[in-house]
Structures are given as C-alpha cells and as structure tokens.
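Enquirer: Chain order of the listed sequences is A, B, C, D, E and F.
According to this note's numbering, the residues represented by the first sequence are -17 to 643, in order.
According to this note's numbering, the residues represented by the second sequence are -13 to 344, in order.
According to this note's numbering, the residues represented by the third sequence are 14 to 367, in order.
According to this note's numbering, the residues represented by the fourth sequence are 86 to 374, in order.
According to this note's numbering, the residues represented by the fifth sequence are 573 to 763, in order.
According to this note's numbering, the residues represented by the sixth sequence are 344 to 514, in order.
Since the hints were made in silico from the structure, they are not lab data.
Check the hints yourself; a few may be wrong.
[Unchecked claim] Pairs of lysine-lysine, BS3-like flavour, derived with a Cα cap of 25 Å:
id : chain 1 : residue 1 : chain 2 : residue 2
1  : F       : 489       : A       : 508
2  : D       : 197       : C       : 334
3  : F       : 489       : A       : 23
4  : A       : 581       : C       : 361
Listed here are the chains, written in short residue letters.
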Amino acid sequence: MKRIGVFVCHCGTNIAATVDVEKVAESARHLPHVVFATTYKFMCADPGQKLIADAIREHALNRVVVAACSPHMHERTFRKAVERAGVNPYLMEVANVREQCSWVHRDKPVGTEKAAALVAAAVAKVARNVPLESGKLPVERRALVVGGGIAGIQAALDIAESGYHVTIVEREQSVGGRMAQLDKTFPTLDCSSCILTPKMVDVGHHPMIEICSYSEIESVEGYVGNFEVTIRRKATSVDPDVCTGCGECWNRCPVKKLPSSFNMDLGHRPAIYVDFPQAIPNVPVIDRANCTYYLRDGKCRVCEKVCPTKAIDFTLEDRLVKERFGAIVMATGFQTASLQQYPEWGLGTYPDVVTGLHFERLVSSTGPTEGKIKRPSDGKEPKSVVFVLCAGSRDEARGRSYCSKACCMYSAKQAILLREKIPQAQAHVFYMDIRTAGKDYEEFYMRAKEEYGVNYIRGRVAKVYPEKDHLVVRGEDTLLGRPVAVEADMVVLAAAIEPRADAAALAQKVGISYNRDHFFSEAHPKLRPVESNTGGVFLAGCCQGPKDIPETVAQASAAAAKVVQMFSKDALVSEAQLASVNEAWCIGCFLCQPVCPYKAIQPKEIEERRGRDKIKRTVSSVNTGLCQGCGACAVACPSGAMRLNGFTDEQILAEVDAVCL
Amino acid sequence: MAEKLVTSEGLFTMVEKLLGRAQVTAPREENGIAVFGPVNSAGQVELDGPLPVIPEKSVVFPQSETLLRMDLGGEVPKVEAVEPEGEQVILGVRPCGLQAFARLDRVFLEGAFVDPQYRRRRDHTLIIALTCPTVKRSCFCRAFGYGPSDGSGADLQLTRLPGGSFHLETLTERGGEFVAEMEKEGIAGLTDAGAEAGSAARAEKARVERLAERSAAAVSTEGVVEGLDGMYDDPYWAQLAERCISCGICTYLCPTCHCFDICEKARGPEAERYRCWDTCLFSNYTLMAGGANPRPTVRERLRNRLYHKLNFFNHRYGEFLCVGCGRCVEHCPTNIDIRKVMAKAAARSRAQGVSVNG
Amino acid sequence: MSEAIKTAAPVEGEPMPAELKTAEIPTRRGPAPGDPEFLGALRDCCRSLLAEGHVQRIIAYRETPDSLRPEVAFFASPEETGDLVWDLFCNTNICKYLLDYRTFEGRIGVVVKGCDARGVVQLINDMQIPRDKVEIIGICCPGQIDPAKVESAAGEAWVSRVVAGPDSVEIVTEEGTEMRVPLESVLTDRCLSCRKPNPPVADVVFGEDQKGRISDEVFEQIAELERMSSAERDAFWNRHFERCIRCFACRNVCPACSCTKCVFDQQEPDWLAGERNQANQHFFQITRAVHVSGRCTGCEECDRVCPVGIPLRLMNKKLWKDVKDLFDSPLPGTKLGVRSPLVMWDPKDADSFE
Amino acid sequence: MKLAYYPGCSLCGTAREYNISTIKVSEKLGIELEEIPDWSCCGATSAHTSSPLLGVALPARNLAIAEEMGLDVAAPCAACYHNLSAARVKMDRDHLLRKRIEEIIDRKYRGKVKVLPLAEVILSRVGLDAVRDSLVHPLAGLKMAAYYGCLMVRPKGIVDFDDPENPTKLDQIMEAAGGEMVDWSHKTECCGASLSLTGTELCVDLVGRILERAAEEGAECIVTACPFCQANLDMRQAEAATKLKTDFRLPVLYFTQLLGIALGLPAGELGLDSHVVDPRPLLREKGLI
Amino acid sequence: MLNLQATIGAGREFTDEINHEAGTDINRCYQCGTCSGGCPLFYAMDIGPRQVMRLLQTGLGEEALRARSIWICATCDTCTVRCPREINVAGVMEALRIQARRRGYRIPAAVRKVRILTDLFLGSVRRSGRIFELGLVQGMKMRTGELLKDVGMGIPMLLKGKLSLRPHRIRGRAEIERIYRKVQEMEGGSR
Amino acid sequence: MPVNESAAAEAEMMTEAEMTTDGASGAGADAGTGTWEPRIVAFCCNWCSYAGADLAGTSRKQYPANIRIVRVPCSGRINPQYILRAFQRGADGVMVAGCHPGDCHYTTGNYYTRRRFSVVQRFLEYVGLHPDRFSGHWISGSEGEKFVQTAREFTEKVRSLGPNEKMRDVL
C-alpha cells in the first residue's frame, strides 16, 4: 500500500509570494496514494525536517514528495531526512516549485496551477519509485601517477608522504619531464633544474614510490577504488638491478650521432643513453631502432663488453605488468605544436626558425651548446632574434582557439636571457596581447621592456622568409598601422602548448573525457577542477590545460589531496541510481555496450528454464562500480531490458502523463 | 420477395442518400488493397474488386469500442455505460461474410448472456449482400455447404449483371422497407426487375457457383472434426508451428474470430473501459499476472486457433467456425494453409476408420 | 553434385577456421537459378551438408500443391531434401527463423536470397547467432514473383504453374491455357527496386552476381512526401495508419526485431495501449520504424507481409536515407561486424539542435 | 579518360602557347579533351568584384553545359579554374543561390561535375608514374621555381588544389619530368596581375620581389599554370629588373611547355617563341631543344 | 573627438550589410594584423585591411568606401587564408568595392582605372561572350588617355599572334545578354 | 501509388477540421478562463539544461508557465518514445535539451542524443508532425538566459500553431 506525503515549502516568501501553497497542498490531497499534505515556512530547516519525520511516523508514510527549491539544492537534505525517519531515501522526490515556478512566473494563479502540476508529476513518479541501496566499494590504497614530470613528481611525493604507495609510470627513460628541459624559470629566473633535481631525487629514493620509467599504460580496467592497470614496461636491454649508472656504456657506444629528443633534436646522444646527466633512474636504455646490435644481427656488443657489472641484456623483452590501484592521477603533460599548418613561418623549413622549447635547450648550460646561444644553421651568435607569440594559439581557423597561457611570460624570460647572454643582440617580440596574470608577472614583463630594452611589436607575423644570410619577418605594426619587416638571425616561435599526441587515445583507455583540443576534462570547471568525470581519476598539470609551473604544482598537490582523502575512507559508497538489467527480457544484442561511456556493460552467461530444458544464454550485466547512471544504455536497448533505477521508463512516463494533464 | 433492377448510377445515388442517415461501410480500395471500411462518399465504394482484406465483422464487432466511462475524481465514483449510437449499413457483404455474421450471432447473442454492444449494433445494421463477382483459388466456401451466390442472412442482395446494372433482391422485411423508402425518394435508375433481369441474375449466380465448384474436390469437411479429436498431441502441430511467426493476420482477417481483451485508460481522475480485438496467437493472450502462460509456445497457440475453427466450435455449436473465405490462406506470410490442416485431419480420421456419422 | 561444390566442401570433422567463415567473398559457387542443373545442385549441396554433419538443420523451402506458394521447411536429415525447392516464389524471408535456433546445439544452414542474407548478417551483427553457427547458402536472386500479380494476370482462371524465363514468364492455368507476360509485370514491388540481390556474405553461392534493378522510385516517393506540407503528410499517414490492424506481422518478420519481449507487448511500462486510434497507431508505427532504424536491412519483408498494404517501406527507407546521409554508414546487413550507427557517434556529426 | 575542356579566353589569346602545349601534352598522356561547346568567359576577376550574381552566373553557364556533356571539367587556366570552382562551391552551399542561378542562365544545374586544374588531372587521373614512364627528354639539370600564384590555391574551401601556403603539386609534376625544383618562399605571393593594366607600378614591385627571391634560390626559370602570372612575370620582368637595378633573365614558362619537352614533343609545337624573355637559349644550353 | 557610442550604433547597419555580403563576421576580428602584414599591397594602401576591419567594427565602415585600398586590393586572398579568426577579409574588401559602386562613391583618381577596366571587361564579355583582349587594351588606352603605354609590349604580342585582331563571338550571345539582364533585374539595376 | 492527390485533398479537409477545433477543449485549457494555452513538455538533462533552468530561476527571469520540465540524468536518457507519449497525452510541443556537444557530464551521452534525434526529428516531421512542435536545444548550466529565450520562443511558436491534434489521445 503506497502512502504518500506531500510537503509544500513556503521558502519564506520565495515560493509563497507567487504560489498559493495551501492550494497546492489541497490539490495534492486528491492525488492517488496521497494520504497527507501540508505546508511549512522552511522545509529544509531543522523544524521542517522534523515535521516530515513526524508526519512519516504519524501517517505511516512510505513515500514523500517535497515541493520546494531545485533538487540540486536540497535533494540530498531531504533524502537524509526521510532516511532518518526510516524511509528509503530514494522514495523521496522533489518538486521544483521555486526555480521552475515561483521565481519565473509572477502571475499567482498561473504559478499555483503549474506548481500543482509539478507536484502531481512528482507524486506520479514517487508512486513508482522503489527502494534503492547504495553499494559499498572496497578501496585499494595504492595510487598510480601517469607521467613523471613536475606534476607527477609533486603528486607522487604528496601521496607517498601521506603513507600510501605510489607508482609513477613515465614514458621516457627518466622522470623530470618538460621542466627538466627548461633553463630558467620566470619570474624569478632561478634555475629550473636546480629546483627540480632535488625533487627527482626524492621520488627516486622514496620508499613508498616506485618509478616505472620507459613504460606506458597498456590498459585500464575496473573502477574507482579498484582499477586494474596493465603497464607495458618497454625493454630497456639493461638490468636495472645490476646497473650502477657509471656511464661506461654510453660514453663508449660507437653510435653517437642520434638526435637527442631531450635536446629537441638540437644535440646528439648515443644508442644507449640516459636522457640527461641527472636522470632518475640513472639506468640507461638501448634505443633498439638505432642500436647496431639489433640492426646488424648481434654485431657490436661494445656496451656489453665495457659494462663493469654485466648489466646489459640484449634479450630483454617488453613486459606487461598488471597492478591494482585505487586511484589514478593523470599528469601526462604537454608537447608544443608542430606548426606544420603554418608553412608561412617556416618552422622545419628554415633551421633558424625554432620553438621556445628549442630555445630553452640553446640557452641551457646543460644543452647542446652548453648555454651559448648559437643559431642552428651555422652556429653563429644571433644579433637579432624575433620572438613570435601566439604561434598556433588563439587561431580558430587552424584548429586551436585557446590561449597557451605561459608563452607571454616565457618569451619575456627568453628575451631577457638573450639580452643577458648577448648584450649586443636585439630582441623583438611580435605579440597580439600580453597576458601577465600572476604574482610579479607584470613587473617581470616591464623589466624586459624597460631594463632589457626588448622591442615589443603589436602584430601577428604574416610571413618569415630567408634573404641572404638572415630571415625576414614580415607583419604589421598595428600600433603604427604600417607594414614592418624585421631582419632576424633567429626566429623563436612560442609554439602552442597542446596535449601529448596520444592524449585522446590514453583518455579512452583510462575512460576519462577530453575536450575538442584533447585536453582532459575536469569534472567541473570551477568546483571540481582536479577531478575527472570518472570516479577515482584525477588530473594534474598541462594535460588538463596549459599552465605554468606554480599552477601545475598546486594542481598536483590538490589532486594528491583528493587521492589521500579517498584513501582515508574505509570504503566508498557507490551511486544507487544505476542501470540494471532485466535478464529475462535481455536478448544479448549488446546495443547498450558501445553507448556506455564507462565500459560498465559486460556480457554474462545465465542459465534459464525453458519448458523442461535448462538453457544457457548470454545477457548484459552492469558493473555497478563503473556505472555512473547516465541511462544511455536504457535508450539504446530496444526492448527496455536495460533500466536506469531512479529514472525508469515507468517513472518518466508517469511524470509525462502527469505534466500533460 | 421483390426483385429490382438498379443501374450503377442508381446505386451511387442510393449510397449518397444513405450517407446522410447512417454510417455506411463498404468495400474500398486503399493503396491497391481492398478493405471494408467506412465511406464518406459514394465514389469510394468499389464493388467490383476482390474480396476485401478487412472482414465485415468490424461493423458489428469493431476492433475497439468503449464500454464504460468513469469519473473517479469526486467523493463517489461515477460510472456510465456507453451505448453504440446510430444506424449502420454494410454494403457489399459477401456470402462468406453473411455466414460469419451467423456464427458471431451465436456467440454473442445465444445463451444466458447477450452482449449488449453487439446486440445494439446488429439490430441497427442493414446488410446488403453482394453475389461474388468471381471466385478465387483461395476460396473454399463450398466445403461449408454454401456458395458464392448464397444471400441468406442479408436484408438485400445485389448481383452484378453483365450489362453493368445490378439485380437487387429483397430478402427481409427490413430490406423491403429500405427499398420502399428509396423508391419513395425517387431514385433514378431503380426499377422493378423484369423477367430478363431475373434470369440474367440467375445465370450470373449459376456461373459463380460453377466457378466455386472447382474447389469442392480439393477441400472437404468430411472427417475433420473427428480427425482432430484424436490429434491433439500430434507432432504435426509442432511442425506447423515451426513455420508460424505468431502474427495476428489470420485471426484479425478472419471474419469469425471474435476474441477480445478488456482494457482501461485513465487520464487523471477520468477513465474509460474499452474492449479491443485480441488473438490467441499472441503470447500475451493467455499470459497471467504472475508470468505463467498455459500456452507458452507457438505450438499451443496455433493449435488452439485451428481447433477453435475446426473442432471446438463444432462441439459446442455444431458447426465450423471457419467459413472458407480464404483470407488466412492468401495472407499468411509463411503460407500456412488451413485447408491442408483440414486435409490432414480428414486423412487421420480415415486412417483411424472413425465413422463420420458416428 | 556439381564439381565446384564437391571439391570445395570442407573435410568432415575439420572445424572451420573462424576467419575463413567471415570472409566476405564466398569460395564456392554453384549454377544459377534458371540453369537446368540448379535445383539438383542446390539439393545436393544441402544434402551433403547434412550428410557430412556440417549442419544439423537446413532452413529452406518445400514444394506445396499450390506452386505459387512454397512453404518454409526445416530439413533435419539428408533424406528429406528431396522436396527442397527454390524458385521465384520463395518470397518469405527465412532469416528470422534463426532466432528459434539461438540455443540449438548445432549448425544451421539457411538458403537465402540477397535480402534474406542481409537479415542473417544483421542477426549475426546483433549478436543473436554466431557467424560460425550458420552456413549461409546464398542465391544470387533474379527477382521474386508476386503470386497475387500472377493470379490477377490470369483473371478468373486458376493458375497451375508458372515457368519463368529471363524476361518473361509463362502462366499455365488449370484449364491448360498458357499466357506470357513480361517478368517485370509480375515481380514483387520490392524486387522491382532491388539494388542488392546478391548475398553480401555467404559460404556457398549459387549463380553469378545479379545486377539488381536500380530504381529510385521509392526514394522519389519519399522526396515527394518530403516536399508536402505538414498537413498533407499528416493526412497521408493518417490514411494509411488508419488501416493498421496491429497484427504485428511487420514486426514478427523483421530481421532487426529480435527482442523476445517487445515494448509493444509490455504491460509495465504500458507503452502501447490496445485501443485502436490514431494515437496508438502512430505510436506503434513510429516506434517500430525508429527501433529498427540503423539496423533495417531494407528487405521490405514488412511491406510485403502487411495485409492492409501500408507502405512501410516509405518509412523504413526514409529513415535509412537519413541515417546514411547523416552518418555515412553501410546498408545494415551488408558487412559483418558493423553495429548500428545510432549506437556510435562522431564529434563532427550533423547537429539539428539549436 | 575523357574530360570537358574549358580553355578560357586567355588561352585563345595571350596564352595561346598554354593552350597548344596543353592539348599536345594531354594527347600524349592519353587525356581526351572535348571542348565545351560554345563556352563563354568565366568573368575573371571583374565579374565577381562588381556583381556577386554575375560572378556565379557566368561560370555556371559553362558548368551547366559540361553537365549536359556528362563530363568533369579540365580548366588549365588558374583564373578559370578558380572561378568555375568558386561558382560550383557557392551553388553547392546555397540551395537558393543555385535556384536563382538556374533561373538566370535558364539551364538546369545539379552540381554533378567536378572542376579540375590540368595539373590535378595529370597528378590524380594520369599519375606521376605514367609521366615518368613516358619521359623522352628528362629535364635534368634545369633548376626551376614553381610559381603558383593566388588563384590556384586560395582560398581553401573555394579551390581545393593544394596547400595555400606551401603547395607542391606542380613541383611534383616537374620533378617527375626530371627537373630540379628549388624550394622557395614566394610560391604563392601575389604578383599583382589583376593590377597589370590599372596599377602597373604596384605590379612591377610585386613582380620584382618574386623574381628576386626565385633568382636568389638559384632558379633558372619559372614554371607556372596561370596565364596572368605568366604574362605578368614575363612582360613586367624588364621593368622590374630596371627598378631593382638588376637583370633577371628568368624565362617564365607554362608547366605544360616544359612537360611537353620532357615527353619528347617537338619544341616547335610548344610555342616557345612567344615569350618576352626567350626561354630557348636556356633550353638549348641545357640540351633540351 | 570621436563619440564611439554614437558611431557604433549608427554604423551597425552598414557593418551588417558588409558582413552579409561577404558571408563573414568582422566582429570576430581581434586586430592581430595578420591580414595587413601579409598583404602584398599594404605598402601602397592608405588604410590596411586590419584598419578597414576596425572601421567596420567601430561603425565607421563608410569611411572605408572612400579608401584607395579597396580598389588596390588584388583579391589574392592571402589575408583570408591566414586570418586566425576565419574572416573573409578579401571578401569584405570586395563587398566594400561593390558598395562603393552601388552608392556612387567617387573613386580615388589614382585607382579609377580599376573601375574602367572592370567596365570594359564586362562590356566585352556582354557583347561577345568572351574577352577581346586587344579591344580591352585599346579601350583602356582610349579611356585613360595613356595612348602610348605598353605599346612596346603590344606590338610583339600581335606579331606573335597572341592578340587576335578581331573579337571571337560565341553563338550564345543572346544567352549572355539575357544573363546580364536577369542579373541586373535581380540586383536592382545597380549597374 | 499516387502519393500526392488524395493526401492533398484530405489535407484540405484536415486543415478545415483544425480550424474548427474547439480551442478550449482538452488538457491545454487554462484553469479559470477557458482560453487555450499550449502545453509544453521539456525534457532536460540534470547537469546542464536543468541547471540552466535553475539559473533562470535564481536570476528571476520570467518565461511562460506553459513549460513543464521532466528531469532526466542525461539527454542520452531521453527515449524518443517519451516524445510520442507526451504528444499522445496532450502536449502541444515537446522540447529536448542537453549539454552542449563535448560538455556532457557523462562524456558522450549527448552525442548519441544528437545522432538519435537528428534522425527522429526528421522522421516526426516526415510522418506529419509540424516541425515547430518539436525542437532540440543545447543549453548549459550557465545559460539561464538561453533557457528563458528558448522557452519564450518555443512557446510562441507552438501557440501560433494552435492545439496539436496529431497523435493526441486524451479523453
């Protein structure tokens, strides 16, 4: 026997002023199953909640409708209230008579009529509600950090310091990431590696942190608290347990002239290498695509011969390691745009046109030129360098509409570094707008102009082309309104920051969403900026959007805090309004499967009675840990075997019927 | 009774006149298909077409009809019965349709309970029969002891004459009244039939009877009931059911099938109770509230239908519930043929040596 | 048995590799319908499949006394195949019977035309039956004859048999008279605009690829409807839906309708009421069409079986046209492993929302 | 392979040698060209800069005729290609416009024909392998700068021949013909041809800049597919040189002329005598004629 | 001083018209100057394309109708393909040119020849169906009075058979005439 | 089959019938006055469009009371049959609203909505529903104003069409 109670809130005068609450309550009394209806000034306040609880006891109510503000506001409040009074929290529905009624319709009779209709819909729905139970999910208290740049390092350290085990998966030979490639950092001009290296050492030595470098994520199964991750540990050809990182091998390797990606291909490395001298782990890897041993059937073996600890093992193979984690922090960082779509700027065509990251390596004392700025074409010291801002950013026409955020500042820094290292060189910066939102940033920019005499030209570069032994940079000085050409020895393009090329593919593996630029999407742009839409997966650093180092570090710590918060609970509570399968109706067509964004639907074999026989057949089943309750599966299912609890077809149809009356 | 001659134009005018005072149902053509359905203008009537797909029964037993209206909003619920209204004329009923009406009458009107809805409709329906202009291969009326010119059960009977006019025979008093009324209104082209027209009509009837004769050899009812008596658990039904797709074509097109379901619809405090056709071939037909189904598979459902047509009804009313119109034969998507079932049953009874008379 | 078939028949007991079974180009080919050896070869093929245990059941057609209406038959042993038949009256799309074999513990052979074969592929793609459980015996179909058209051509005479030639058919009546009519005049409506008469996937194929009859008639009718005003379209469909008797034959024959509990049969929720009014007729018709859109193979079996002549293909083909225009997907049933485009998406999809 | 041929006004006048060499080369490569009967002017730049409708209607008439022929259109002239393409795209995008144009030209147009520049025909329908296979005199040792100009490549979406900033298709064809292509920065810089008669001074400046860059990269001649570019770079070369106080002596040839030589067509049939900067001394020096 | 509040309101209609004709939205322009920077003829213009966009944005679009620039623009589309805001800059220049004609603006003397050539060209096509190049050149000379310009170039071209002495007339001339008339009708007889 | 003539003929009758429809009949009749008011059902996804409607409320923006919102978790949860049901029960217009493509709370739900309804929308029009009676919108949680505008415009459109008879099944 369904016994529904209806509670209409005045919300002070917020509702009562334009809705005749008494009339609404009266009309509710005539609805099927309604045995009690009343109004109150503030239903969400303690006395209001008590009123509901009392009525539940007094009238033996087993279902409740509260006509009040938006369910986004107080659905949880009222669910808890009825639960305390012994009614399943999912047997309560909210009729939104404030946001959808009193606040948007001034005419009282009209508002009252609509409020009554909304209450009738809620009553019709609640009559078809069934009790739902939230599940409890165990938590594996180990975290996975994907990416070993400054974001990953920071997140890993914070989690490990709270006493939980962390695994860092890093694609390259060493952790360190982009920050390791930088020379100085703005606005303080302190040395990037000087502040990064100690942190790298910390993660390298931390007892709770395991670094899987030269590794990639192969697949992610499972759900919040219970991820099962397969990590591909690429074959390094070096036994890490034996190697001491003495450097004999890489110093003696006869293949020397391979482009060093750490140096943005401006320098060289051998076939057996570490990314850079301070690499963590300090264990080299063999680049099999270029190693003589692998290219010429086991010839060479120099490294093997010189290795004092016999750490070289050519027979090592890729290993797939399966591990369980409770939480994942995505910190995969960024790359700079290739700018292939901009032939007019000549990146890749003219050697002296480079990107900002290249320039970092050229200024860095650990770089290929040992910190002497030389232009790539002929090694000459440049006397005129043009910095081009927004190179690939803020250009909807060619597919990237966003601002890369860090370029204004790092270009100012690079112009300053140029002027410091080559005082007689002129720095020109072509810009559209200068964005220096950050502590001490504007001051830094002013210093570049005032102290270092950097020439800022407001205009976007239209074309770069070679003439004699220099480049000509053409554009409009929009403040002059005249065409200008700058003769430059080098052009540095502040190439757009974009997610790693495989970010979308990785996101699909992990099951998180990404935006059209392939940056990973946060759950809420303001209120949940470090969580992804998938429970248990958190975001840190440039994989979520362009940002500078302090912001990255802050986000990484925030993500770590979220992980630690999760690990501090005994168990996680799963959503109750999830999909479930009516196995008798399910025919196993699996049309529901591809539409599930969370890969929550799996086949399941069931046994069934058919007449006298027992038959086996395959039906869909929902993993309640993965399901987030969107209901797309329920619509894809042609027979309605898939249902979304809390929003079943019956409930929605009942509402439709009611609002149409 | 009286015999008249009416030209096509005369008939047209008659229908036009009728339209003002009654709901007229007649054969129409829709998208290349002949159907019995309500007509709004005489031009829609198509008497020369084949046997209409939708049978005549819908005139007295509509696919759905409201029985009760309710208002549950007040202190005391209000309930009122809904009675069918108005006069109906059904034009162009074939002899098989007339036979079907007779069967339906037995179901709905005989015995302790007389169905009020059916009674009202039946009483207010004038039936104008039509001698079949041709006989299809799927027709097997002869097996049931009547022929394509048999007008019994109609108020009036039309027979298309070679010249294009119609011979109109008055068969009941009501039919007579109708003709008299028409004559009073002065229908041009409605005249007394001379001897010539009378004999032309008899010749036409004899012609179609001869055409029907062709099926007599192929289909017979002899031994069907008896054969089926012993065949209930025969593997034959499973074989037949293998092919059946369990659609409702045969039952809904059948002029004698008369099963219905009673449903309600509510819109807020107001509600209606109605009945609508149902078919024993649908699994829902016997589905019970708890999920149990006494006829769980097509085998049981198809068998039930065929037994109802060819055996059960005989045991209760002494005649077949099949009238040999051939609609199910012609329209079955998988060519299930009731005539073959009859032959099978007959063969079984012969094999068992059951005496037809015993 | 034709030589080509004999040599290519797999060795008994040897499991067929799965990848072979999904190959879209059949390796075996037999004589074409119309060839004097055709029926013998087809029977031989079916007989040997049963005899050698490659299949435990064959779904095909059997002769009946009414030569215009052969019946669907299920052959369980090689001996039964003697009255297996395939001619131009095998209108029934038999693919749907595979659903009765969902739990059958053996392989099933199906003798299929191009349109039926698409249904088989669709059932496979809808995971109703695994590919390796079905032996697809395909026939490149020269077009099927509508018995009603033959009968109406014969007038009052009863048709005894029909002899089909490449361009015309000879109708022989019971009285022994003969008449010759053009093939096109008696072909079923769906065959008159059939673009894909060849089985897209098959294990054995009889006949060489047929060209099909390329006709835009259906699409022209759709275009004509699209040009009408809303009120005209409303009237058009009201007129047709009005006739619907809800026999559900369209659903029951549809290769894309494989649900065991159809929404129309459900009481909770009460999607479709029994009352016969335009509201319910529309709900039924629209829902049926929308449910199969993206999976409708265009076999037009629904249109064929509809006893009251509702032009269902004008709905199905309209949906197909839009799905194809919008999402550029292949005709359902023409490719293995293809899911409905409606359970997929592309960020660049057309957007009709505001 | 058969195509409807739209030579355009220039190819019947100032660019006769382009026409001749196109026809000869096509014949050699097995491209069958059927001239669009009674074709009319595409309107060049004048039509669309003064009336949007006229700018579509004039080319549309020719498209409609080609559609009646049932053939795709080959248009060697860059301007004609541009205008025909633009009209096609605009009518494709705007159903109403198409209806209006149909009314204006009083012909049916369904948007079925494609418009291809000749270079595209050679590239995608003949194929470079076929070109390589038919070489008689590979253009070995001849350093060329391929100049595309504006109309072939801009704007994207209206024309769809090649990248607007760094096109390479002419380079590919000439490389297949054995030539040595210089990589240079002014492939698509505007030469100002539309201002040739009205703003000659400006035009000379632009021509000078382009030639200067080509010369600096070591080009010995320029190849082009645009009659306006050819005429402009050829005829204004002397003036430009004077202004820049230099002497370029850079012959400006149609790619079909050089391709013709490579395919072994008699030099006399390629209209090599009709240029202001005579290419023959250079070609003789390279042993190509 | 310029009252932007007033100009923006007053010029909106004109801006909308130009947007509509060019099928673009100049309000998207963020004044980066790529168009002007890449324009081969910017150096000869009085107002660069970027400034033209700004004039339109601030409601001063009609000022652009007096600019030489719109006549100097060679419609090479470099600006359009490089514009990061997907503005059809060349299309705007073209639309302005058409507007200037339609509204009968005086064309700056220095660029009047552009208009003369256009008229001659379209006239030639109207009469013959195709272009009569020699006639065009001669017409230019007659209308501009620069009788001796480029003589040195014309004679060799004639000799080389590149300039025919008589116009080629197509058969469908009546059809072309009809097209011109129809267009004129539809565009309100602006020409 | 002659698609055109008879349909057109019946359409004429239809429109006449429509014109003589009693405006005050059925579910759309306004409580007191008896003047006809369109009944509009809006299916809104919980995270964006419903939140957008909430924002319209918190910003006190007025829109017609004809709109009745049915909340669903995601626009991907909106079964096309719900639309039919609403029209059956007397709705004069139905709108569907969800997060902008790419912004779905559930990542991709609205992409299916977009596919499904681009087909369904055309089909409803094809079977004779007036195209202005059904519409789809992308409304984010921050687009309170857009919700209001949409509600106003849609209501006016539907009002101008008069009561819907297509598929209607009311007592």
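Enquirer: Regarding the pair residue 581/A and residue 361/C, is the alpha-carbon distance no greater than 25 Å?
Expert: With Cα atoms ~22 Å apart, residue 581/A and residue 361/C stay inside 25 Å; holds.
Enquirer: Against the 25 Å threshold, does the CA-CA distance of residue 197/D and residue 334/C hold or violate the hint?
Expert: 19 Å, holds
Enquirer: Can the restraint linking residue 489/F and residue 508/A be considered satisfied, given a maximum Cα separation of 25 Å?
Expert: 21 Å, holds
Enquirer: If you draw a straight line from the CA of residue 489/F to the CA of residue 23/A, is it 25 Å or shorter?
Expert: With a Cα-Cα distance of about 32 Å, the restraint between residue 489/F and residue 23/A is violated, given a limit of 25 Å.
Violation of the numbered hints given earlier is confined to hint 3; every other hint is satisfied by the structure.
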